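From first to last, the protein sequence lines stand for chains W and A.
Each step along the first sequence adds one to the number in the working numbering, with nothing skipped, and position 169 is 947.
Each step along the second sequence adds one to the number in the working numbering, with nothing skipped, and position 214 is 301.
No wet-lab data here; the hints were simulated from the structure.
The structure presented is a predicted model; accordingly, all values stated were derived computationally and were not measured.
You can take every hint at face value.
Keeping only pairs whose Cα atoms sit at most 20 Å apart, straight-line, the calculated PhoX-like set for lysine-lysine is:
| hint | chain 1 | residue 1 | chain 2 | residue 2 |
| --- | --- | --- | --- | --- |
| 1 | W | K937 | A | K218 |
| 2 | W | K937 | A | K190 |
| 3 | A | K218 | A | K175 |
| 4 | A | K190 | A | K218 |
| 5 | A | K190 | A | K175 |
Estimated spans, in silico, between C-beta atoms of each pair:
| hint | chain 1 | residue 1 | chain 2 | residue 2 | range |
| --- | --- | --- | --- | --- | --- |
| 6 | A | R143 | W | V859 | 20 to 28 Å |
| 7 | W | A839 | A | G90 | 53 to 61 Å |
| 8 | W | L927 | A | D95 | 54 to 62 Å |
| 9 | A | E154 | W | R1015 | 40 to 48 Å |
| 10 | A | H108 | W | W1055 | 44 to 52 Å |
| 11 | A | K192 | W | A839 | 41 to 49 Å |
Residues on chain W that point at chain A, a partial pick, calculated with CB under 8 Å:
| hint | residue |
| --- | --- |
| 12 | L943 |
| 13 | R944 |
| 14 | E1062 |
Glycine is no exception: its CB is placed at the ideal position from the N, C-alpha and C atoms.
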Amino acid sequence: MLAASLALNGLVMGSVLLLFSLGLTLIYGVGRIVNFAHGAFFSLGAMAGIWLANSGLPFWAALLIAPIGVGLLGVLLDWAVFARIRDRPMVDSLLLTFGLALLITGVLYELGGRNVQILAIPSALQGVVDIGAIKLPMYRVFLSLLAILLTIALLLFLKNSDWGLRVRAANDDPEMGACLGIDRENLMHSVVGVSAALAAVSGVVGAPIFTAYAAVGDKILILAFMTVILGGLGSLRGAIVAAYVVGLITVFGEGYFGGQLALMLLFVLVMAMLINWPRGFFGEGRTE
Amino acid sequence: MSGALVYDNLCAFYGSSQILHGVSFEVGQGTVACLLGLNGMGKTTTLRATMGLVDRLEGKVVLNGEELRGPTYRRSQMGITLVPEDRKVFPNLTVDENLRVAKRKAARGQDFTIAEALEIFPRLGERMSQKAGTLSGGEQQMLVVARAMLANPHYMMLDEPTEGLAPSYVDAIKQSIDAARNRGIGIVLVEQSLPLALAVGDRFYVMENGQIVQSFVRDEVLAAPDRLANMLTVE
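Here chain W stands alone, though its shape is the one from the complex (with noise of 0.2 Å):
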């Protein structure tokens, strides 16, 4: 029963890795930043669903209105700041996201991050989910299939449409992309509104979880790095397994060994990974 829990769980963490580091596989495949902010667009969904919730409205209002919210600051955000840094040595990039996790970190703090807060679960996603002898808790099904289906979707609209065509060229080769007359400064613009918004679902489906405070998305952004680096940065198969490989190794590690352990576990394999197969698990990552 207990290794049975623990791939649920485990699974349920990996579905929200998911979601969070294909935003960060995107924003860092067309527009080549390294997003050290992503951590905080979680924090801000989580904060927002809270906030939201407070004032009254439904769980499934906080869900729509928290992301769309979070995906028009993040156009922002890249309309007025990362922008200004297209195109300059990575460093700019990982000192400037930096910083700009601090602030919005710091922000949420004065505005009530300080406590730790839980999203109160919707009724109809409490109880459980019979499946044979094993009993699963329904809001872990749900926010596990809500993140699978999201990724489909996301997955079939970079397949299907203009803009992923635009955005998987842009992603292969910005510079040949631009050079065939993709711009990259509006695509930048959405995806890193889209990447944003999936940060802030994932934040506010997680808040009943992992909890809502101004630096909740910090645990969350490092294990996302290791999705990226373990799946091949700025490949998107490689994340969607390597979300799932994180989230197993994390989960099941924190239950047999503690949660230290199983960090030192992950740090291991990325770094045998970094050393050893640096285009990540399907060899379509980027080295530079």
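Knowing the structure of chain W, use the given hints to seat chain A on it.
Same frame as chain W, now just chain A:
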């Protein structure tokens, strides 16, 4: 020249190094200008500078009476595109997607269609659902040329498009240049292979140390091809 691509005293810099020292020449619609010269003389930099892919520029490039300015995508949208020398396909896109992502309507109303591009490069038609990164070098080169045609630009810049290609592929590249020229697309061709340059070129510009030092019209070159051959590294 109406509709011409005009280089006016173009200087280009990478960091503090000046690579181009006042390049001036003109290309007309539906004509092929060949940039020739030894390696490292500034031919590729001329093409990259046209697309805004150098650190700093002085002088100007004028297209249809309007100066090319701003980021690369805007220059491309004004009607110019580049086929770089290192076969830059989008490796994780299929051949079909590589072609579709480039497709734009021609300002002149004479669009190249995907079907027409595949007539010139039938091998690509057999690979439409294959990831471009898995194509052979020759197939990738055909794909980038076909992709540039589908952008339906006013001017197409080709950087050593036949380097390392088998003769059958070289023939296909030549066909594509002829087809583009027949649609009124002007071409700037950087080419080490003198036979191809002689087969398609209308004007020939020889570069040395970031400058154009000599120019010839087609008849002059055909009358005395050795004059050019002596100036070039020919494979």
